[in-house]
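Novice: All chains should be built: construct the whole structure from the sequences, respecting the hints.
Protein chains in written order, with numbering that gives the first Met the number 0: chain Y, 0 to 332; chain X, 0 to 332.
In case anyone wonders, no lab produced these hints; they're calculated from the structure. Just so you know, not all the hints are guaranteed correct.
Because identical chains share one entry, a pair is satisfied inside a single copy or across any pair of copies.
No farther apart than 27 Å at their CA atoms in a straight line, the calculated lysine-lysine pairs in the BS3-like style are these [as the list claims (entries may be wrong)]: (1) K212 <-> K300; (2) K300 <-> K171; (3) K186 <-> K77; (4) K186 <-> K79; (5) K300 <-> K186; (6) K91 <-> K212; (7) K77 <-> K46; (8) K309 <-> K91; (9) K186 <-> K149; (10) K78 <-> K186; (11) K26 <-> K46; (12) K79 <-> K91; (13) K46 <-> K300; (14) K212 <-> K135; (15) K26 <-> K135.
2 protein chains.
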Amino acid sequence: MILALDAMGGDHAPTEICLGAISACSKYPDLEVVLVGDGSQIERVIKDAEPFVSKRIHVVHTDEYIAMDESPTVAFRKKKRASIRLAMEMVKAGDAQGCISAGNTGAIVAGGVLILGRIPGIDRPGLGVPIPLPNKITLLIDVGATIRCKPINLYQFAIMGEIYMRNTLGVKSPTVALLSNGEEEIKGDEVVCEARNMLAKANVEFIGYVEGKDIPLGVADVVVCDGFTGNVLLKFVEGVGEALYRLLREEMDQRILPKVGFLFLIPMLKELWNRFDYEKYGGTPLLGVEGVVIKAHGRSKARAIDSALKVARDFVMNRGVELIRNGLDRGGM
Amino acid sequence: MILALDAMGGDHAPTEICLGAISACSKYPDLEVVLVGDGSQIERVIKDAEPFVSKRIHVVHTDEYIAMDESPTVAFRKKKRASIRLAMEMVKAGDAQGCISAGNTGAIVAGGVLILGRIPGIDRPGLGVPIPLPNKITLLIDVGATIRCKPINLYQFAIMGEIYMRNTLGVKSPTVALLSNGEEEIKGDEVVCEARNMLAKANVEFIGYVEGKDIPLGVADVVVCDGFTGNVLLKFVEGVGEALYRLLREEMDQRILPKVGFLFLIPMLKELWNRFDYEKYGGTPLLGVEGVVIKAHGRSKARAIDSALKVARDFVMNRGVELIRNGLDRGGM
Numbered sequence: 000m001i002l003a004l005d006a007m008g009g010d011h012a013p014t015e016i017c018l019g020a021i022s023a024c025s026k027y028p029d030l031e032v033v034l035v036g037d038g039s040q041i042e043r044v045i046k047d048a049e050p051f052v053s054k055r056i057h058v059v060h061t062d063e064y065i066a067m068d069e070s071p072t073v074a075f076r077k078k079k080r081a082s083i084r085l086a087m088e089m090v091k092a093g094d095a096q097g098c099i100s101a102g103n104t105g106a107i108v109a110g111g112v113l114i115l116g117r118i119p120g121i122d123r124p125g126l127g128v129p130i131p132l133p134n135k136i137t138l139l140i141d142v143g144a145t146i147r148c149k150p151i152n153l154y155q156f157a158i159m160g161e162i163y164m165r166n167t168l169g170v171k172s173p174t175v176a177l178l179s180n181g182e183e184e185i186k187g188d189e190v191v192c193e194a195r196n197m198l199a200k201a202n203v204e205f206i207g208y209v210e211g212k213d214i215p216l217g218v219a220d221v222v223v224c225d226g227f228t229g230n231v232l233l234k235f236v237e238g239v240g241e242a243l244y245r246l247l248r249e250e251m252d253q254r255i256l257p258k259v260g261f262l263f264l265i266p267m268l269k270e271l272w273n274r275f276d277y278e279k280y281g282g283t284p285l286l287g288v289e290g291v292v293i294k295a296h297g298r299s300k301a302r303a304i305d306s307a308l309k310v311a312r313d314f315v316m317n318r319g320v321e322l323i324r325n326g327l328d329r330g331g332m
Numbered sequence: 000m001i002l003a004l005d006a007m008g009g010d011h012a013p014t015e016i017c018l019g020a021i022s023a024c025s026k027y028p029d030l031e032v033v034l035v036g037d038g039s040q041i042e043r044v045i046k047d048a049e050p051f052v053s054k055r056i057h058v059v060h061t062d063e064y065i066a067m068d069e070s071p072t073v074a075f076r077k078k079k080r081a082s083i084r085l086a087m088e089m090v091k092a093g094d095a096q097g098c099i100s101a102g103n104t105g106a107i108v109a110g111g112v113l114i115l116g117r118i119p120g121i122d123r124p125g126l127g128v129p130i131p132l133p134n135k136i137t138l139l140i141d142v143g144a145t146i147r148c149k150p151i152n153l154y155q156f157a158i159m160g161e162i163y164m165r166n167t168l169g170v171k172s173p174t175v176a177l178l179s180n181g182e183e184e185i186k187g188d189e190v191v192c193e194a195r196n197m198l199a200k201a202n203v204e205f206i207g208y209v210e211g212k213d214i215p216l217g218v219a220d221v222v223v224c225d226g227f228t229g230n231v232l233l234k235f236v237e238g239v240g241e242a243l244y245r246l247l248r249e250e251m252d253q254r255i256l257p258k259v260g261f262l263f264l265i266p267m268l269k270e271l272w273n274r275f276d277y278e279k280y281g282g283t284p285l286l287g288v289e290g291v292v293i294k295a296h297g298r299s300k301a302r303a304i305d306s307a308l309k310v311a312r313d314f315v316m317n318r319g320v321e322l323i324r325n326g327l328d329r330g331g332m
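Specialist: As structure tokens, then:
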């Protein structure tokens, strides 16, 4: 299997991206990775890899890439040889079975639609991020591909998310819920309300509305919302983690006694951290486009890129795109 | 000062509501509270209060109240003697300077608009909840009064929230931010984008867009969003707290060593808890209506009701409604 990896996307590109490719290729002997980006920078990292790994890592050189703060659609049109664009064109041409980038989210979404195109029947794609909870994973979809949605978009996110959870993440009969401002049927605006009516008739385990508090409590396997709400929530979680970390450090600096306690607590905190570690699940699929496109977190280091490559590999092996295409036929999206 | 308190609203009504009234009246000798609800139930609780307190607690009896799961607008029209309605009518008639309820949020918002009316020029009211952060309080507005917003709504929430933070919570030159799906100007949908343009010209310390992660990090004093997003976020925070608590208990049950650490950690956790304790700030003002209306959390016990009465008292003393009315004139809302 060949996967195209945007070597220039993300805060730690290209070094950590290349190291992630080496790590994944060491694990999966069937995997070949094409690193797209600055050839000399890439070569400097991959030259030290074991031969049985390095023979499966290829390089496509380009000088262009799309920065995190560039306007995605403008940059995508202007930069014909941007690394993310070339990676997607490889998928389009059949030279790679999937592509991965830790770069500009807007560019990944725009590129997915412009280069690969939407699956026939799909109105808008959705980014579904797996959120690790204490005893399960919940897929939150959408987290930023489609900022404001029509009912059909929420409906299709639900169907695609359900297929992804069932087939790629291996959850049997995943439950699907719509995020709203209350559990009662009278809640929600017209868009959410209409999506609810559509989902009530769909061929999925639809459990109705859930509230914000139900997400961390793991009430549903797939939680559907528009990209604005999902993006705000996802980033809020990051902020809470950072704020708690700062607070713990501050407390540690101020007190003597709890420092001792902190030592005892380390195994517990490590365990907690492991449970919530996004790097383990470091890949967010762009669902609804004609090809495997995985977004990795902008702050991804080698381990997260390794996970994102695994997610792409699983998605390809489980024929995820084909399943969504068939799911549309079956569910009548 | 006379405040009308809905004795029948909330999960712990009427006992904890009545105890909250006793607690507040013990602290503030200038305060009189009218408890509106089932007279015999109320009397049973307040009969044990000290005479110098009980003489300042009055009862207005009614058999009707609006349940948490009732449709707010229907219930408000049908139940002419619902406790929350009578409390608001007292404010309207000038028999009380403000009212407080821990009941059905929708009914409080609908009642505020129907009974008290909007301040002239205000399109929709907003619920602004003070979120305690490590070193400050951030006001998140709206958290559920106006589910989907026009640009003018977000703009007016910002102006009203700024006035509230400055005058009632005593923050000098509060910074105001709009919640969006990214910090860059290209982010946001048309509504958020237009509100940004309006706020850039307003007479407040507007710092532009913030992302979800900036809320827990305390980047702004006032964070503005539509009621759908604010409600989802607020409830998400509750869920995170509950999930962490469950997880800690589970971990405690499974390990021996960290239990020792946990003992050492107790003072630290207590300190953390104190910092984030919503009961200390237990009152959410409904801004934009012609009167002081404070929503207390549905799970409020006596201490949170006591805080909500304090919030109402401060709001009355600081002439909050008048300031918003004047702020409109000044800012040209």
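Novice: Would you pick out the hints that fail for this structure and give their numbers low to high?
Specialist: 2, 6, 7
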